[in-house]
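Q: Can you build the whole structure from these sequences, using the hints too?
In full-length UniProt numbering, the protein residues as written are 1 to 183.
Do not take every clue at face value.
Computed Cβ-Cβ distance ranges for the label pairs, DEER-style [to be verified]: (1) P146 / I103: 42 to 50 angstroms; (2) I20 / W150: 43 to 51 angstroms; (3) Q122 / N101: 26 to 34 angstroms; (4) T5 / P154: 37 to 45 angstroms; (5) G115 / P146: 57 to 65 angstroms; (6) S132 / F85: 33 to 41 angstroms; (7) P142 / I103: 28 to 36 angstroms; (8) A123 / T5: 32 to 40 angstroms; (9) N99 / A131: 18 to 26 angstroms; (10) E18 / N101: 35 to 43 angstroms; (11) Y151 / Q122: 47 to 55 angstroms.
Pairs of lysine to any residue residues, derived as SDA-like cross-links and limited to a Cα-Cα distance of at most 20 angstroms, are as follows [as the list claims (entries may be wrong)]: (12) K60 / A38; (13) K114 / S24; (14) K91 / E79; (15) K93 / V8; (16) K114 / F23; (17) K126 / L22; (18) K109 / A123; (19) K60 / G92; (20) K126 / G92.
Worth flagging that the hints you see were computed from the coordinates, not collected in a lab. Built from N, CA and C at the ideal position, the CB exists for glycine as well.
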Amino acid sequence: MSLNTAHVNGGVLIHSGECILLFSEDVTLDFSGTDTQAMKGNKTGRIYLTTHRMIFTNNKQNDALLSFSFPFITLHDVELEQPVFGANYLKGKVRAQSNGNWIGEAKFKIVFKKGGCIDFAQAMLKAVSMASRNASGDVPPPYSAPTGPWYQAPPPAYAPNGYYGWIPPTNAFPDQPPRKLHE
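A: Structural data, given as structure tokens:
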């Protein structure tokens, strides 16, 4: 649901921890129900399925819509259509999120002209179920104070680091391993 935020140098831009599962070439994306000028008309390009979202990248580099991101949490009423005459397609609705370069809700239709729609839809259902597996639908429990004695952590424990990824602990292996097996 973000407009022009998922591409870089003709490629696709994915988040940390996100993986591309599959992609399809020569798909047509069409939006309806929106007044955003960049989303008018048919767009032809490539659709990627990642572990967290679908990403469309446009073949035309001079178009107002270069990429469009569909996070699973913003999709609803998604259906697979198999017309008698014509290519299979996915249709549904997508909601805008904050800082997505557009506002509102739009209906979308993704036509797979060269096939692969059913495989894409099955993989998307699996990816959605895997992404929502760890999500909790319940509200978090209310705060309760610790029952026993507690101690404040030393200052380095809560000071922010310059690196935001995983940092291996420095005290996990404090001693050198023995030189011989039975020492």
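Q: Taking the hints in turn, state whether each one holds.
A: These are the hints, each one checked on the structure:
1. P146 / I103: 42 to 50 angstroms: 44 angstroms, holds
2. I20 / W150: 43 to 51 angstroms: 45 angstroms, holds
3. Q122 / N101: 26 to 34 angstroms: 30 angstroms, holds
4. T5 / P154: 37 to 45 angstroms: Holds, since T5 and P154 (Cβ atoms, about 40 angstroms apart) stay within the stated range.
5. G115 / P146: 57 to 65 angstroms: 59 angstroms, holds
6. S132 / F85: 33 to 41 angstroms: With Cβ atoms ~35 angstroms apart, the hint holds.
7. P142 / I103: 28 to 36 angstroms: With a Cβ separation near 34 angstroms, P142 and I103 satisfy 28 to 36 angstroms, so the hint holds.
8. A123 / T5: 32 to 40 angstroms: 23 angstroms, violated
9. N99 / A131: 18 to 26 angstroms: About 21 angstroms separates the Cβ atoms of N99 and A131, which means 18 to 26 angstroms holds.
10. E18 / N101: 35 to 43 angstroms: At roughly 20 angstroms between Cβ atoms, N101 and E18 fall outside 35 to 43 angstroms, so the hint is violated.
11. Y151 / Q122: 47 to 55 angstroms: 52 angstroms, holds
12. K60 / A38: Measuring from Cα to Cα gives roughly 13 angstroms; hence the hint holds.
13. K114 / S24: Since the Cα atoms of K114 and S24 sit roughly 8 angstroms apart, the hinted pair holds (cutoff 20 angstroms).
14. K91 / E79: 5 angstroms, holds
15. K93 / V8: Given that 20 angstroms is the threshold and the Cα spacing comes to 26 angstroms, the pair is violated.
16. K114 / F23: 12 angstroms, holds
17. K126 / L22: 12 angstroms, holds
18. K109 / A123: Status holds; Cα separation ~18 angstroms.
19. K60 / G92: Violated. K60 to G92 sits at ~24 angstroms, over the 20 angstroms cutoff.
20. K126 / G92: 17 angstroms, holds
Consistency with the previously given hints fails for numbers 8, 10, 15, 19, ordered from lowest to highest.
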